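> Listed in order, the protein sequences are those of chains A and B.
One point on numbering: in this note's numbering, the residue at position 20 of the first sequence is 20, and numbering is uninterrupted.
One point on numbering: in this note's numbering, the residue at position 14 of the second sequence is 14, and numbering is uninterrupted.
Quick caveat, the hints were computed from the structure, so don't treat them as lab data.
Some hints could be false.
A few chain B positions that, by computed beta-carbon distances, are all more than 10 Å from chain A [as the list claims (entries may be wrong)]:
| hint | residue |
| --- | --- |
| 1 | ASP101 |
| 2 | ALA175 |
| 3 | ALA261 |
| 4 | ASP267 |
| 5 | ARG316 |
Think about it this way: if two alpha-carbon atoms lie no more than 30 Å apart in a straight line, the pair counts; the simulated DSSO-like pairs of lysine-lysine are [as the list claims (entries may be wrong)]:
| hint | chain 1 | residue 1 | chain 2 | residue 2 |
| --- | --- | --- | --- | --- |
| 6 | A | LYS114 | B | LYS249 |
| 7 | B | LYS58 | B | LYS114 |
| 8 | B | LYS249 | B | LYS58 |
| 9 | A | LYS58 | A | LYS249 |
| 10 | B | LYS58 | B | LYS243 |
| 11 | B | LYS114 | B | LYS249 |
| 12 | A | LYS249 | B | LYS114 |
| 13 | B | LYS243 | A | LYS114 |
| 14 | B | LYS243 | B | LYS114 |
| 15 | B | LYS114 | A | LYS114 |
| 16 | A | LYS114 | A | LYS249 |
| 17 | A | LYS114 | A | LYS58 |
Every value quoted in this text rests on a predicted model; they were computed, and no experiment measured them.
Ideal Cβ placement from N, Cα and C applies to all residues, glycine included.
There are 2 protein chains.
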Amino acid sequence: MAMALPTSITHRYVHALEAELQAWLSQRTPVGHHYQMLAYHMGWCSESLEPVSGPRGKRFRPLLCLLACDGVGGRWEDALPMAAAIEFLHNFSLIHDDIEDHDESRHHRPSLWKLWGEPLAINAGDAMLALSGLAALSSSGDGEISRRFQETALALTEGQYLDMSFERRMDVSSAEYFEMIGLKSGAIIAFSCEAGGRLGGGSETQVEALTEFGRHFGLAFQICDDVRGIWAGLEQTGKAPAKDILNRKKSLPVLLALERARGMDLDRLHGFYDLRRDEDPAVISDVIESTGVREEMAAELRSHLHRAYEALAPARLVQPYEAELRALAGSLVDVASA
Amino acid sequence: MAMALPTSITHRYVHALEAELQAWLSQRTPVGHHYQMLAYHMGWCSESLEPVSGPRGKRFRPLLCLLACDGVGGRWEDALPMAAAIEFLHNFSLIHDDIEDHDESRHHRPSLWKLWGEPLAINAGDAMLALSGLAALSSSGDGEISRRFQETALALTEGQYLDMSFERRMDVSSAEYFEMIGLKSGAIIAFSCEAGGRLGGGSETQVEALTEFGRHFGLAFQICDDVRGIWAGLEQTGKAPAKDILNRKKSLPVLLALERARGMDLDRLHGFYDLRRDEDPAVISDVIESTGVREEMAAELRSHLHRAYEALAPARLVQPYEAELRALAGSLVDVASA
Numbered sequence: 001m002a003m004a005l006p007t008s009i010t011h012r013y014v015h016a017l018e019a020e021l022q023a024w025l026s027q028r029t030p031v032g033h034h035y036q037m038l039a040y041h042m043g044w045c046s047e048s049l050e051p052v053s054g055p056r057g058k059r060f061r062p063l064l065c066l067l068a069c070d071g072v073g074g075r076w077e078d079a080l081p082m083a084a085a086i087e088f089l090h091n092f093s094l095i096h097d098d099i100e101d102h103d104e105s106r107h108h109r110p111s112l113w114k115l116w117g118e119p120l121a122i123n124a125g126d127a128m129l130a131l132s133g134l135a136a137l138s139s140s141g142d143g144e145i146s147r148r149f150q151e152t153a154l155a156l157t158e159g160q161y162l163d164m165s166f167e168r169r170m171d172v173s174s175a176e177y178f179e180m181i182g183l184k185s186g187a188i189i190a191f192s193c194e195a196g197g198r199l200g201g202g203s204e205t206q207v208e209a210l211t212e213f214g215r216h217f218g219l220a221f222q223i224c225d226d227v228r229g230i231w232a233g234l235e236q237t238g239k240a241p242a243k244d245i246l247n248r249k250k251s252l253p254v255l256l257a258l259e260r261a262r263g264m265d266l267d268r269l270h271g272f273y274d275l276r277r278d279e280d281p282a283v284i285s286d287v288i289e290s291t292g293v294r295e296e297m298a299a300e301l302r303s304h305l306h307r308a309y310e311a312l313a314p315a316r317l318v319q320p321y322e323a324e325l326r327a328l329a330g331s332l333v334d335v336a337s338a
Numbered sequence: 001m002a003m004a005l006p007t008s009i010t011h012r013y014v015h016a017l018e019a020e021l022q023a024w025l026s027q028r029t030p031v032g033h034h035y036q037m038l039a040y041h042m043g044w045c046s047e048s049l050e051p052v053s054g055p056r057g058k059r060f061r062p063l064l065c066l067l068a069c070d071g072v073g074g075r076w077e078d079a080l081p082m083a084a085a086i087e088f089l090h091n092f093s094l095i096h097d098d099i100e101d102h103d104e105s106r107h108h109r110p111s112l113w114k115l116w117g118e119p120l121a122i123n124a125g126d127a128m129l130a131l132s133g134l135a136a137l138s139s140s141g142d143g144e145i146s147r148r149f150q151e152t153a154l155a156l157t158e159g160q161y162l163d164m165s166f167e168r169r170m171d172v173s174s175a176e177y178f179e180m181i182g183l184k185s186g187a188i189i190a191f192s193c194e195a196g197g198r199l200g201g202g203s204e205t206q207v208e209a210l211t212e213f214g215r216h217f218g219l220a221f222q223i224c225d226d227v228r229g230i231w232a233g234l235e236q237t238g239k240a241p242a243k244d245i246l247n248r249k250k251s252l253p254v255l256l257a258l259e260r261a262r263g264m265d266l267d268r269l270h271g272f273y274d275l276r277r278d279e280d281p282a283v284i285s286d287v288i289e290s291t292g293v294r295e296e297m298a299a300e301l302r303s304h305l306h307r308a309y310e311a312l313a314p315a316r317l318v319q320p321y322e323a324e325l326r327a328l329a330g331s332l333v334d335v336a337s338a
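Could you build the full structure based on these sequences and the hints that come with them?
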């Protein structure tokens with residue numbers, strides 16, 4: 001995605017976060033190129049395993065965790081191991097999603113399986129998941145927060161299961177879609193905010209407010225991603241254009257379009273998504289757009305972002321952190337272009 | 001493998017263990033067939049998801065954990081969640097290994113990926129790993145034991161990395177082979193014994209002795225498995241005959257045979273393993289056998305089993321548990337046929 005996070009926020013945390021992430025990998029005893037594959041995926045080395053400072057993920061999930069910790073009056077440094085655990089957990093899911101979806105690129109670079117093959121990439125993803133569990137355990141909180149972390153990992157697999165199974169089904173409802181993205185995207189974002197609040201010593205009211213903020217923001221974020229998956233080009237997402245169309249992914253725009261379309265448009269969508277006929281992706285995205293679904297998605301997105309902001313109010317967070325949490329969320333869901 | 005565990009040992013634990021394992025899955029809120037795929041893999045339901053009591057794994061790793069707990073004077077019931085975690089961790093690695101090695105069957109049934117495809121099976125394995133972490137966290141020990149558990153999960157991925165990379169290399173030494181099986185097989189078996197000792201309140205001497213016992217037994221077990229991978233037929237392993245030959249797996253017998261063979265035999269092995277020429281697997285296993293490697297493997301196996309038994313002595317475990325630990329180990333490595 002092309003949008004940048006507000007540097008006024010990121011500059012405070014991003015060096016320490018990146019150092020924390022790198023330390024978890026560099027303290028492992030090397031085993032062939034096993035951990036260097038993880039370093040490649042994290043954006044720290046090139047295909048030939050030379051150090052690079054190329055395009056990386058935004059790390060916005062751990063940043064939410066650190067901001068939430070500051071926001072309840074905690075010390076953000078105390079949340080660093082959990083922030084690293086969250087980023088590793090997210091990256092584990094990316095490595096395996098890329099294999100499962102056959103996505104050949106990630107952040108404008110070849111995906112891990114494309115370079116090293118599926119068997120080694122599956123195993124590298126497993127290492128990333130185990131490493132995330134290790135980092136979560138070194139967090140300063142009690143055992144309960146590690147348990148919530150593993151529950152979040154399990155939720156990711158539940159969401160991914162639903163996501164993949166929807167591609168084969170003809171009768172997915174929008175309620176099912178929201179359940180799926182809640183598990184696949186919402187759970188880890190909500191946990192990022194929750195964990196920061198807990199590790200910062202926030203009250204139950206604050207932790208609940210932060211969790212609810214994360215949950216709604218996570219939904220808005222995924223809706224935005226789904227819109228981009230249909231209408232954004234390579235330059236914006238680092239993925240092939242209309243990748244979700246090529247994968248026949250039944251994201252919310254598709255589900256709603258299948259409900260709304262009539263006549264030839266409906267035949268076309270049904271033929272492509274359900275009967276798996278060949279179609280030009282550009283035609284499919286135009287048909288979906290013609291049903292008015294794109295505006296509807298923008299409205300859903302605005303609604304969840306609004307509910308996220310509202311949920312945050314009762315937490316009465318320390319400033320400037322509440323404003324920064326809002327700004328971070330707002331920078332990640334492009335209301336204008338959605 | 002055809003050998004049965006001593007029922008005098010298993011009858012004490014196996015029902016409670018199986019109930020503990022099943023409880024972890026059945027307490028999850030159902031998500032499509034996601035968790036039923038795990039239940040299929042565990043041997044609790046059929047391909048059509050009907051309950052069955054068919055062939056299952058031996059569960060010997062969790063049994064080691066429970067025996068070790070009893071052996072230091074603890075209550076084996078206290079080690080049940082960790083025993084379940086260990087069995088889930090082992091099964092996570094089986095689900096992914098089957099995908100990575102393209103093994104089509106497991107315990108005489110189709111492997112998970114063969115039934116549901118690779119993407120869903122990768123994701124099911126991920127769920128099994130996350131579930132194992134959750135079970136480990138509910139164990140009665142302190143945070144350190146969960147940390148050791150996650151370290152063991154990471155060691156599994158390191159061993160699997162080495163195992164896969166050896167298939168592509170021409171210069172693997174037997175020292176490297178032992179490093180690999182120590183990570184891939186030894187670490188989880190050693191941890192099973194260690195965890196049981198710790199959760200039972202054993203002394204440091206006892207825990208160290210149990211760990212060392214597990215480490216050597218784990219090596220013996222893997223050597224035995226490698227011997228079977230070359231010389232055992234379908235009826236013994238539940239896998240295709242000479243599966244390790246078909247996969248050109250450079251297990252220890254192959255490495256040693258490559259060092260020992262001369263003339264036409266060496267050309268044949270080199271041609272098959274390094275130049276990837278086609279060969280009849282039966283011819284390859286005969287050539288390996290003709291180098292005398294099979295006897296050498298049997299000697300290695302006996303040596304590690306002996307060292308395992310010796311390592312156990314200083315623990316001065318409560319009887320009959322020491323004898324039972326030995327009997328369990330002895331029942332799993334078939335010294336006579338190796």
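> So, for every hint listed, does it hold in this structure?
Hint check results:
1. ASP101: 8 Å, violated
2. ALA175: 14 Å, holds
3. ALA261: With a cut-off of 10 Å, B:ALA261 remains clear of chain A, as the shortest Cβ separation is near 27 Å.
4. ASP267: The claim stands: B:ASP267 keeps its Cβ more than 10 Å from every Cβ of chain A (closest is about 29 Å).
5. ARG316: 32 Å, holds
6. A:LYS114 - B:LYS249: 23 Å, holds
7. B:LYS58 - B:LYS114: 22 Å, holds
8. B:LYS249 - B:LYS58: 24 Å, holds
9. A:LYS58 - A:LYS249: 24 Å, holds
10. B:LYS58 - B:LYS243: Holds - the C-alpha atoms of B:LYS243 and B:LYS58 are around 20 Å apart, at most 30 Å.
11. B:LYS114 - B:LYS249: 21 Å, holds
12. A:LYS249 - B:LYS114: Roughly 23 Å separates the two Cα atoms, so the pair holds.
13. B:LYS243 - A:LYS114: 26 Å, holds
14. B:LYS243 - B:LYS114: Judged against 30 Å, a Cα distance of about 16 Å means the pair holds.
15. B:LYS114 - A:LYS114: Measuring from Cα to Cα gives roughly 22 Å; hence the hint holds.
16. A:LYS114 - A:LYS249: OK: A:LYS114 and A:LYS249 at ~21 Å, within 30 Å.
17. A:LYS114 - A:LYS58: Between A:LYS114 and A:LYS58 the Cα gap is close to 22 Å, so the pair holds against 30 Å.
Against the hints set out earlier in the document, a violation occurs for number 1 only.
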